[in-house]
Amino acid sequence: MKEVGNVLRILKETKRLVEEDNSHALKALSNQTIHSAMVAQDGDNIVVAVLVYSLGKVLERGHYRELEGWAEFYDVVNKNLNLAIKALEKNNVDNVRVYLGRIRNSLNKFDGYLGEYIKDVFKKAEVNKAFKMYEHGLSTEATANLLGVSLWDLSSYIGQSHIGDAHVAITMPVAERVKIAEGIFEE
Amino acid sequence: MKYLIFDAGPIISLTMNGMLPIIEKLKSVFLGEFILTPQVKKEVVDKPMKIKKFKLEAVRVRDMIERGVFKMSSDVIPDDRLNNETKRILKTVNGVLRTTATGEKMKIIQDGEAACMAFAKLCKCDNVIVIDERTARMLVEAPHDLEKLMEKKLHTPLDAELSLLDGFKGIKFIRSAELLFVAFKKGLIPIKKSADLLDGLLYGVKFKGCAISSGEIEEMKKLI
Numbered sequence: 000m001k002e003v004g005n006v007l008r009i010l011k012e013t014k015r016l017v018e019e020d021n022s023h024a025l026k027a028l029s030n031q032t033i034h035s036a037m038v039a040q041d042g043d044n045i046v047v048a049v050l051v052y053s054l055g056k057v058l059e060r061g062h063y064r065e066l067e068g069w070a071e072f073y074d075v076v077n078k079n080l081n082l083a084i085k086a087l088e089k090n091n092v093d094n095v096r097v098y099l100g101r102i103r104n105s106l107n108k109f110d111g112y113l114g115e116y117i118k119d120v121f122k123k124a125e126v127n128k129a130f131k132m133y134e135h136g137l138s139t140e141a142t143a144n145l146l147g148v149s150l151w152d153l154s155s156y157i158g159q160s161h162i163g164d165a166h167v168a169i170t171m172p173v174a175e176r177v178k179i180a181e182g183i184f185e186e
Numbered sequence: 000m001k002y003l004i005f006d007a008g009p010i011i012s013l014t015m016n017g018m019l020p021i022i023e024k025l026k027s028v029f030l031g032e033f034i035l036t037p038q039v040k041k042e043v044v045d046k047p048m049k050i051k052k053f054k055l056e057a058v059r060v061r062d063m064i065e066r067g068v069f070k071m072s073s074d075v076i077p078d079d080r081l082n083n084e085t086k087r088i089l090k091t092v093n094g095v096l097r098t099t100a101t102g103e104k105m106k107i108i109q110d111g112e113a114a115c116m117a118f119a120k121l122c123k124c125d126n127v128i129v130i131d132e133r134t135a136r137m138l139v140e141a142p143h144d145l146e147k148l149m150e151k152k153l154h155t156p157l158d159a160e161l162s163l164l165d166g167f168k169g170i171k172f173i174r175s176a177e178l179l180f181v182a183f184k185k186g187l188i189p190i191k192k193s194a195d196l197l198d199g200l201l202y203g204v205k206f207k208g209c210a211i212s213s214g215e216i217e218e219m220k221k222l223i
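So the protein lines, in turn, are chains H and X.
Letter 48 of the first sequence, counting from 1, is numbered 47 in numbering that gives the first Met the number 0, and no numbers are missing.
Letter 160 of the second sequence, counting from 1, is numbered 159 in numbering that gives the first Met the number 0, and no numbers are missing.
No lab work stands behind these hints: they were computed from the structure.
Quick reminder that beta carbons are idealized off the backbone N, C-alpha and C, glycines included.
There's no promise every hint is true.
What the hints assert, rightly or not - Taking lysine-lysine and the DSS-like style, the derived pairs with C-alpha atoms no more than 30 Å apart in a straight line are: (1) K51(X) x K122(H); (2) K106(X) x K122(H); (3) K1(H) x K46(X); (4) K178(H) x K51(X); (5) K104(X) x K1(H).
As the list claims (entries may be wrong) - Derived contacts from chain H toward chain X, CB cut-off under 10 Å, selection only: (6) K1; (7) N5; (8) N21; (9) H34; (10) Y133; (11) S155; (12) G158; (13) A174; (14) E181.
I would like the entire structure built from these sequences, with the hints used as guidance.
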């Protein structure tokens, strides 16, 4: 794990924001996280960015609290965030991975809709973070590999990016590139 | 012999727009081969074959390989030679940008894109890489801009050793948009030719991952 101090700060902040039920701040925290995740290009940083964003989304959806399993899920989140923070304070990175992984794995145990809904939130959060990383300059393949999502899933999201419209992304006049394309097809 | 070397992105954006058959039509008028490296095949066939949502697309691309529309790079350059060059390119390119604060190298490209560049360098032939995403293109065509873009987005100063990229000068890139432009111009699209058709084709690939700006599309439409 890279940037351990920063990850510890983010986990502590996440715990506080979950307790305060502040979904808006959680999503903002996740956006900060993506900067460091991008620089570090480290799977653990990205897992944290996805987790924080997903928790923000889950808390934002008030009706999830009325579904069967909510109390159990909330308990799993708090308990494992605490354990992950303690483990990271002792620099026990392996255990941090186990505790953060338990939050997501717990979703397989719930009957009813809640588990499926939250799994979907995590899945979409991964693609959302992938999109952010692409916007930060990573190639599509590098992004897909880091997030563990397929290029096929990523393609529609990347199409929505304004990065292609950015002046810096235009590296050759259109007519010149068309000429290359027509040239290779000439007999 | 001429080669058109495909990265995964254009195959994905064309497939998702229902334009995979156009690749076959383009191949029929191309005096050369359409090349897939094993790294790209992994992304467009092997991985999606395990994802039900995209399995049909994977089967269709695999069928095109089996029918010879796409040739595997190993028919031209042995895999071990391509892999060695790919590794060398990855090491070079991913060492170009470092964070000023920590000296950490930024990994900006991966196997698929590097393998396309490796084939282009090794084949000693007339070739063009078809690649939809902008990072690899920027590395070769405008590396200063990539450095600026990443510094701006990351809010972190970067050190760049752009001379490492000198060996890549001369590699030529086009996108799925230019492929469709050629297909349109040659009348290979089985829909009545119209300005709307070209507009639809170009925006179609843009919204499925081709890094082309609206301004570029408008310019391209004027070239007809």
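We went through each hint and held it up to the structure:
1. K51(X) x K122(H): holds, 16 Å
2. K106(X) x K122(H): This hinted pair holds, its Cα atoms lying about 24 Å apart.
3. K1(H) x K46(X): Holds - the C-alpha atoms of K46(X) and K1(H) are around 28 Å apart, at most 30 Å.
4. K178(H) x K51(X): violated, 39 Å
5. K104(X) x K1(H): Distance ~13 Å between K104(X) and K1(H) Cα, so the pair holds.
6. K1: Constraint on K1(H) satisfied, holds at 8 Å.
7. N5: violated, 12 Å
8. N21: With a minimum Cβ separation of about 24 Å from chain X (threshold 10 Å), the hint on N21(H) is violated.
9. H34: Holds. Min distance 6 Å.
10. Y133: holds, 8 Å
11. S155: holds, 6 Å
12. G158: holds, 4 Å
13. A174: For A174(H), the interface hint holds, since the closest Cβ of chain X sits about 6 Å away, which is under 10 Å.
14. E181: Holds - the Cβ of E181(H) comes within 10 Å of chain X, reaching about 6 Å at its closest.
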